[in-house]
Amino acid sequence: MSETRTLREREGLIFERSSAGRVGYQLPPLEVPAADPAATVPAGLLRGEIADLPEVSEVDVVRHFTRLSKWNYSVDEGLYPLGSCTMKYNPRINEEIVRLSGLAQLHPLQPEEQVQGALAVMWELEQALLAVTGMARVTLQPAAGAHGELTGMLMIRKALLARGERRRKVLIPDSAHGTNPASAVFAGFETVEIASTPRGTLDLGALARHLDGGDVAALMVTVPNTLGVFEPEIVEAAAMLHSKGAFLYMDGANLNAFVGIALPGKMGADALHINLHKTFSTPHGGGGPGAGPVAVSPALAPYLPVPTVERTGDRYALSYDRPATIGKVRGFYGNFAMLVRALAYIRSLGGDGLRSMAEGAVLNANYLRARLAGDYHLPYDGPSLHEVVFDDSIQAAAGVKNIDIAKRLLDYGFHPPTMSFPLIVHGALMIEPTESEGIDELDAFVAAMRAIARESREEPELVKGAPYSTPVQRLDEVRAARQPVLRWRRPAD
Amino acid sequence: MHRYQAGEGDRRAMLEAVGCSTVDELFSTIPAAVRGALDLPPAQSEEEVRREFWALASANAAPECFASFLGAGVYRHVTPAVADALLQRGEFFTAYTPYQPEVSQGTLQAIFEFQSYVCQLTELDVANASLYDGATAVVEAVLMAARTLPGRRRAVVAGALHPDWRAVLATYCEPMGLAITDVAWGGDGRVDLEALAHALGDDVCAVVVASPNALGVIEDLPALARAIAAAGALGVHAVAEATSLGMLAPGGRFGFDVVCGELQAFGIPAAFGGPLLGFFAARQQHLRQMPGRLIGETADAGGRRGYVLTLSTREQHIRRAKATSNICTNHGLMALAATIVISLLGKKGVREVALASHAKAEYVKTGLRAQGAGHRVQLAFPDSPTYDEFLVLHDDPDGLLARLKGEGILGGVSTSRFGAGWPRGILIAATERNTREECDRLLAALGRLA
Numbered sequence: 001m002s003e004t005r006t007l008r009e010r011e012g013l014i015f016e017r018s019s020a021g022r023v024g025y026q027l028p029p030l031e032v033p034a035a036d037p038a039a040t041v042p043a044g045l046l047r048g049e050i051a052d053l054p055e056v057s058e059v060d061v062v063r064h065f066t067r068l069s070k071w072n073y074s075v076d077e078g079l080y081p082l083g084s085c086t087m088k089y090n091p092r093i094n095e096e097i098v099r100l101s102g103l104a105q106l107h108p109l110q111p112e113e114q115v116q117g118a119l120a121v122m123w124e125l126e127q128a129l130l131a132v133t134g135m136a137r138v139t140l141q142p143a144a145g146a147h148g149e150l151t152g153m154l155m156i157r158k159a160l161l162a163r164g165e166r167r168r169k170v171l172i173p174d175s176a177h178g179t180n181p182a183s184a185v186f187a188g189f190e191t192v193e194i195a196s197t198p199r200g201t202l203d204l205g206a207l208a209r210h211l212d213g214g215d216v217a218a219l220m221v222t223v224p225n226t227l228g229v230f231e232p233e234i235v236e237a238a239a240m241l242h243s244k245g246a247f248l249y250m251d252g253a254n255l256n257a258f259v260g261i262a263l264p265g266k267m268g269a270d271a272l273h274i275n276l277h278k279t280f281s282t283p284h285g286g287g288g289p290g291a292g293p294v295a296v297s298p299a300l301a302p303y304l305p306v307p308t309v310e311r312t313g314d315r316y317a318l319s320y321d322r323p324a325t326i327g328k329v330r331g332f333y334g335n336f337a338m339l340v341r342a343l344a345y346i347r348s349l350g351g352d353g354l355r356s357m358a359e360g361a362v363l364n365a366n367y368l369r370a371r372l373a374g375d376y377h378l379p380y381d382g383p384s385l386h387e388v389v390f391d392d393s394i395q396a397a398a399g400v401k402n403i404d405i406a407k408r409l410l411d412y413g414f415h416p417p418t419m420s421f422p423l424i425v426h427g428a429l430m431i432e433p434t435e436s437e438g439i440d441e442l443d444a445f446v447a448a449m450r451a452i453a454r455e456s457r458e459e460p461e462l463v464k465g466a467p468y469s470t471p472v473q474r475l476d477e478v479r480a481a482r483q484p485v486l487r488w489r490r491p492a493d
Numbered sequence: 494m495h496r497y498q499a500g501e502g503d504r505r506a507m508l509e510a511v512g513c514s515t516v517d518e519l520f521s522t523i524p525a526a527v528r529g530a531l532d533l534p535p536a537q538s539e540e541e542v543r544r545e546f547w548a549l550a551s552a553n554a555a556p557e558c559f560a561s562f563l564g565a566g567v568y569r570h571v572t573p574a575v576a577d578a579l580l581q582r583g584e585f586f587t588a589y590t591p592y593q594p595e596v597s598q599g600t601l602q603a604i605f606e607f608q609s610y611v612c613q614l615t616e617l618d619v620a621n622a623s624l625y626d627g628a629t630a631v632v633e634a635v636l637m638a639a640r641t642l643p644g645r646r647r648a649v650v651a652g653a654l655h656p657d658w659r660a661v662l663a664t665y666c667e668p669m670g671l672a673i674t675d676v677a678w679g680g681d682g683r684v685d686l687e688a689l690a691h692a693l694g695d696d697v698c699a700v701v702v703a704s705p706n707a708l709g710v711i712e713d714l715p716a717l718a719r720a721i722a723a724a725g726a727l728g729v730h731a732v733a734e735a736t737s738l739g740m741l742a743p744g745g746r747f748g749f750d751v752v753c754g755e756l757q758a759f760g761i762p763a764a765f766g767g768p769l770l771g772f773f774a775a776r777q778q779h780l781r782q783m784p785g786r787l788i789g790e791t792a793d794a795g796g797r798r799g800y801v802l803t804l805s806t807r808e809q810h811i812r813r814a815k816a817t818s819n820i821c822t823n824h825g826l827m828a829l830a831a832t833i834v835i836s837l838l839g840k841k842g843v844r845e846v847a848l849a850s851h852a853k854a855e856y857v858k859t860g861l862r863a864q865g866a867g868h869r870v871q872l873a874f875p876d877s878p879t880y881d882e883f884l885v886l887h888d889d890p891d892g893l894l895a896r897l898k899g900e901g902i903l904g905g906v907s908t909s910r911f912g913a914g915w916p917r918g919i920l921i922a923a924t925e926r927n928t929r930e931e932c933d934r935l936l937a938a939l940g941r942l943a
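Same order as they appear, the protein sequences are chains A and B. So the first sequence is numbered by the working numbering: it starts at 1 and just counts up by one. So the second sequence is numbered by the working numbering: it starts at 494 and just counts up by one.
Note that these hints are calculated values from the structure, not bench results. The reader is advised that the hints may include incorrect statements.
Stated by the list, open to error - Below, simulated DSS-like cross-link-like pairs (lysine-lysine); rule was C-alpha separation at most 30 Å, straight line:
hint	chain 1	residue 1	chain 2	residue 2
1	A	Lys158	A	Lys244
2	A	Lys70	B	Lys815
3	B	Lys841	A	Lys401
4	A	Lys464	A	Lys169
5	A	Lys169	A	Lys70
6	A	Lys266	A	Lys169
7	A	Lys464	A	Lys401
8	A	Lys266	A	Lys244
9	B	Lys858	B	Lys815
10	B	Lys858	B	Lys841
11	A	Lys244	B	Lys815
12	B	Lys815	A	Lys169
13	A	Lys401	A	Lys158
14	A	Lys158	B	Lys898
15	A	Lys266	A	Lys158
What the hints assert, rightly or not - Simulated coverage check for chain B against chain A, where a stretch passes if three residues somewhere in it have a Cβ under 8 Å from a Cβ of chain A:
hint	stretch
16	555-568
17	606-616
18	671-677
19	689-703
As the list claims (entries may be wrong) - Cβ-to-Cβ under 8 Å is the rule here; a few derived chain B residues that face chain A:
hint	residue
20	Ala499
21	Met507
22	Tyr589
23	Pro591
24	Val619
25	Ala723
26	Ala763
27	Gly825
28	Ser836
29	Val846
30	His851
31	Asp888
32	Asp889
33	Leu942
Each residue gets a CB set at the ideal place from its N, CA and C atoms; glycine is no exception.
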């Protein structure tokens, strides 16, 4: 290790901090007789201390994780324009509320009369999501967007089986997020990719041809799509699907673009998942937990997972009375702590604030689009809603790829845009600023992006070698995959 | 403008830059037919929001106000203040999936440590970066077995698996064309090995065994592992109470191929059942079929150690319809919480928490035995080993629990909610957080009220 590094940069693994005899906890006195496990459990089923667990003090642990935290970029630090992920501000009041002991410590199997407040939170959130979507019912259980997709597709499958139909195909535009095809397959379907129009939108002609071919269970489509473009013919698409007995699954990852302005229920959606960690500000947590409630049309309501929350008078109850249900999709009732945060956010914003949120998200994306349009190529020029997708074709002339632009952005102090999709854009830079940003932060991002565009022309090697200012430089991902080291092991001195 | 957004001045300047006079013009592509206003109350101040949620929280009964012996999938253990304080650092909770490793080393290294802990707890080679919960972790194990052993289209659930987990498994298996066979438990609460032998066959891809099982009983994992291996299936050891791994040898030691389940017991608040923390560990040979994200160690151009998301060709964002799972967002922050708690407990504490919990449960069991053979509450499996949870038989568990509640005791979980086929009774969980006074009160109340 270099001697020139600062203290915080020298933080090793927790195991490397271990020092014999240190502890970071103290239990209260046992008070009861110690029970020798060997007295009741066969010796062969027991284990002793786990030798390689660390021995560290409380101070060690605080320092270790505090130093690690400083190596992360976060929304609290600045613009995090990761397209489709909606990295908006996470209000602190929600963190305070969710830690109230009457919510945080509640056991899921307490008697129903002891959890009326929790059930009220769930019921109120369902009502709010119904208002946002214009749909018939909502299940709050799915733990994430992909889990919601699976839940929705299982309901579609069950609805078809109830009609005595075992349809196999699910149509998915080539612009879709990768979870769509994966979720459809885990719900027992085969996926058929349909090519987008030259404008990047849903091709109704292709949809009609596939529907005429028969065996189509559903179309999974993101609205607005992953280019940030509203699907102009979504109503027609829904009508075509319904006339053939097929369903419209709407991926609500981009719902934040039109909350308070349009209703998926009116678009003809049969199922729609809502990423609470996107539109409704629950924290992304370095990779979750999220929450992916699914709103459904009346046609799918009989198949919702159990339990649902029902209200009779002023009493709330968990109901398992849904004979055609797809069953359970997870333990207990949902990522409750995320549901609390989402409801608090909805209360904070209100109907007017939620609409203002969508307006701000769309205006911010359009502002970046207008200011960056000369420097970066826009492969699809349809009107943008909440995100804009550029590509690296201008910079590619000098050998600079989207990944290089992304890494150079780190030196300018910004998290990069999304690059892994949509697959219909080669070298994509999918930028979603969210409504949280003011014009000063956006201007600083524009300045950074323009500087990188200039560097790509004048000093492409500089961009290709970035980043230079981060705790580590570009990491060898090929080595990580070819010789996987996925855990710490005690060095064999 | 709302406090979470910039002001009117920002908006005017940006509208000018994009060449619009109103923000409505930006939504012109949305047809009139799908438009609709939002019927929700207006924006509220922080103080009003706080007031509403204080009222909602007060409408619940916090378990601290009771002597609580609730478990059955969610357990009450030490929750050091450090864990939540660190979790509330914005650098952790307001970041996302570490797609850009150069500015995500904090999350990446912490999850690498998490994977290491899971490997140590399970005595297996590789662990992923978390799943949603124990129920979906078991699902992923069975689906991995089905991919690994194509042609084998049946899973066996041996003994008492948590009924929610069993229900979730059914939901996922049916569309995949996987059948499930249940093997009953015997009079001792453990898997009936003879029945298991009958259920096994060359069409079985996975055998799921919970231990401690949903009746609280510790299974004979070595014997089960031998039977499963002989049938050529993958053995899945499901763990619902992860602190048990501080006292009990994990399936990895005995030849199980997967050890997975729920890590909530290591410091995750009950939070009415979510978010919880699914974990998944397997043998090296199953690495390429594993679900979920993996963090790997590598080096940067300067030779400096660093961590990246790796082997992502298994995952949906690369493989799409051929991915090993549809999972994308996992439970990263909960994995961080467990990593912090396991770090604080360390080598000594992971064992001490387990032994203390076991001792509390044994204390209650001993007290029940002392109440004698004629008493209306009896241990369901008096001669079977248990960890920190056990079943007592009673003909009216719900009535008894209601009477206990009247005395400030949440006496456990009634098996009446588990459905038909389960013995009538109450699952009682005692952990290191239950005081002796609470245990004595429970025993006295059971003596009077049963």
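The hints, checked one at a time:
no.	hint	in the structure
1	A/Lys158 to A/Lys244	holds (17 Å)
2	A/Lys70 to B/Lys815	violated (36 Å)
3	B/Lys841 to A/Lys401	violated (50 Å)
4	A/Lys464 to A/Lys169	violated (43 Å)
5	A/Lys169 to A/Lys70	violated (47 Å)
6	A/Lys266 to A/Lys169	holds (25 Å)
7	A/Lys464 to A/Lys401	holds (8 Å)
8	A/Lys266 to A/Lys244	holds (19 Å)
9	B/Lys858 to B/Lys815	violated (50 Å)
10	B/Lys858 to B/Lys841	holds (26 Å)
11	A/Lys244 to B/Lys815	holds (28 Å)
12	B/Lys815 to A/Lys169	holds (15 Å)
13	A/Lys401 to A/Lys158	violated (45 Å)
14	A/Lys158 to B/Lys898	violated (40 Å)
15	A/Lys266 to A/Lys158	holds (23 Å)
16	555-568	holds (count 8)
17	606-616	holds (count 7)
18	671-677	violated (count 0)
19	689-703	violated (count 0)
20	Ala499	holds (3 Å)
21	Met507	holds (4 Å)
22	Tyr589	holds (4 Å)
23	Pro591	holds (7 Å)
24	Val619	holds (5 Å)
25	Ala723	violated (19 Å)
26	Ala763	holds (5 Å)
27	Gly825	holds (3 Å)
28	Ser836	holds (5 Å)
29	Val846	holds (7 Å)
30	His851	holds (6 Å)
31	Asp888	violated (19 Å)
32	Asp889	violated (15 Å)
33	Leu942	violated (16 Å)
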